[in-house]
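Chains A and B, in that order, give the protein sequences.
Reading the first sequence from the start, the letters are residues 1 to 388 in the numbering used here.
Reading the second sequence from the start, the letters are residues 1 to 388 in the numbering used here.
Just so you know, the hints here were simulated from the structure itself, not pulled from any lab data.
All C-beta atoms, glycine included, are put in the ideal place defined by N, C-alpha and C.
Hints may contain errors.
To give an idea of the interface, some chain A residues facing chain B are shown, with a C-beta separation under 10 Å as derived from the structure [as the list claims (entries may be wrong)]:
| hint | residue |
| --- | --- |
| 1 | THR46 |
| 2 | GLU91 |
| 3 | GLN94 |
| 4 | VAL183 |
| 5 | LEU234 |
| 6 | HIS269 |
Number of protein chains: 2
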Amino acid sequence: MPATRSGRVRIDAPVRAFGLRASYRLSCGHLGEAVSLASAIAREQTVEAPPGVGGDRLQARMLGRIERIEPSHGEGWLARIAYPLDATTTELTQVLNVAYGNVSLMDGVRLVGLEPAPAVLRSLPGPRFGITGIRSLVNAPARPLVSAAIKPIGLSSGGLAHQAAAFARAGVDVVKDDHGLAVQGSAPFAERTRVIAEAVAGANAAVGGHTAYFPNVTGPLDTLEERLERVVALGLGGVVLCPGLMGLDALRCVAAGPRALAVMAHPAHAQTAPGRAQGVAPDVLLGTLYRVAGADIVVYVNAGGRFSWPEETCHAVNRRLREPMVPLRRALPAPAGGVNAAEAGHWFARYGPDTMLLIGGSLLVQRDLEGAARRLVEAAVRQEEGNR
Amino acid sequence: MPATRSGRVRIDAPVRAFGLRASYRLSCGHLGEAVSLASAIAREQTVEAPPGVGGDRLQARMLGRIERIEPSHGEGWLARIAYPLDATTTELTQVLNVAYGNVSLMDGVRLVGLEPAPAVLRSLPGPRFGITGIRSLVNAPARPLVSAAIKPIGLSSGGLAHQAAAFARAGVDVVKDDHGLAVQGSAPFAERTRVIAEAVAGANAAVGGHTAYFPNVTGPLDTLEERLERVVALGLGGVVLCPGLMGLDALRCVAAGPRALAVMAHPAHAQTAPGRAQGVAPDVLLGTLYRVAGADIVVYVNAGGRFSWPEETCHAVNRRLREPMVPLRRALPAPAGGVNAAEAGHWFARYGPDTMLLIGGSLLVQRDLEGAARRLVEAAVRQEEGNR
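Between the sequences and the hints, there should be enough to build the whole structure, so can you do that?
Put into structure tokens, the structure is as follows:
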């Protein structure tokens, strides 16, 4: 697809049945380079062979089509490519491969937008619970939600349960395992989940609460079924899972599987950050892809915490998780990563009630854990009252 | 771990039992910043909580220890951190999480070295076949090896089998599915693998050859077992799998599983490239991690092809795959990505005989596919004769 003599970009003939539209930011100086690179991507991600191989008609059917190339706010170019459903299929691994497979090994090609076709969206689970389902689970129909992490690794199951019970008595909506809690001898999975589930259930019974406990099931793929089974046996409603560590398809398997468990997706090893010239943009990975794969809640790095993500990136992730995407449910953004509990009200106001603020360290350093968590919950309740 | 008054870095007390040593390149100007960042990493990747949480003794046991900080050839600093086995455990997902979990969301932190402890190496499979095993499989005890890709997507099973048979008659060692061959209706998995396996077996019988056919099993995790079963039922010796798309642990599952299949790991969506300020360096990901997880053959981007990786990166990957790593077997580097068949001899000479050159497009564009492949095999044989 060379530029025409007039210097304008000739747009390829439309794809008859597309599987996905992907938008890339290309770090190129000139339009001509951007056109060449976009053409190379459209080929690399599909037929991955020189012109003629397999026949011209076959290639015309399988190649990605460049739909648009335009300047990207002074930094290179934005190219939108539509890929045929014949190439992408509706399998998540192949959708990901076509969107950002081999080009992930190139420099200056960043995936900044992803629009799966209706046929793909119908084949993938999306959130099983979604925002409404999570609200039902924790009996909080309208206010902002709060989650607290129990940690650190190395603490005994009893020590973690002590934290969890305090959070539950305070009315925290979701108590979650730290994503690093794996099979450490200090708190092995089976023991830890049982002891903490009992502690949370006891606290709920004592105060008439609805706190949910989500164990971390990130671990070997061949133990996932067993761990999920145990979570269900304990009567728990959800799990924490790191798609970056287990593969995005592991998230899909849980979301599409037979057990009605909510999934909180955690971004460890997600390898995404704003402002890079390559990789998958945070809103596309944590917003679009995690939601499509089935996350009900998506943990990401909040502005002003330990990581230096700007607030606009957070808003972009929120938007992807909550925007209409028929037939998928909306997912709940969970800003985290060093959020100060004292600033909860500020973030609730910024992000709106359909947000779950996830806090760990700034609660755990406080002497009165239950009191600190209660103030956090009260901030969420005040926010709802303020909105009435 | 602040710098001492003299400006030198005080080294933390050694870890008693370490799980892994990770080296990071930090994009910092001053030593003081590098020390602060390294300390932040050592905390983020382990206890992920402020000092005091869980108790000082617990934190002292779980925190990563900075072993060394030194200038990195004028570009920032190199920091080596040892993480306790108590934190890493021997599970691959948690090893990856501690090595490059949350810090993958930061800027200016690149994983450039990884040394798993003997306890971790003993728990992970490493290559089941290794270089020696692959050589036995294809009956080529000493010469450089050659692999050819069949493609493009959209071609029928019969069309792909036609290519595979030509490659087998020419004596190509491994015929592999293109990594994009998934469940496209043009060549669905069950049909495709059966038809191609028969074609390769027929060609082998006709010429007395030993060509192996490796189908691509990249796809939904919950279909992996079924696909592997089918590969075994067809009498095939190995598979192609993309750890970037399925998760690194999917590779481990195949390598550690009950079926004696060799694994060729393909880097689609691996999101690695030389010269970046973040991410996992190619030699660490494709060399160390893919090998530890169980790849027998690792496909990567060769210099001079469609991607712009320098030759030194290729040598670095080769080195990681072949260096001693007790008790793991050595794995076979498979440079690919636009290698010109006419330059095969050059690359064999550069990389040595323990290399599998993977070629697709530059064979497939040639009218006489079998003749082109035969010339490639002859180049490998000549290389061996030259080495005698």
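Checked hints:
no. : hint   : result
1   : THR46  : 7 Å, holds
2   : GLU91  : 6 Å, holds
3   : GLN94  : 4 Å, holds
4   : VAL183 : 5 Å, holds
5   : LEU234 : 21 Å, violated
6   : HIS269 : 5 Å, holds
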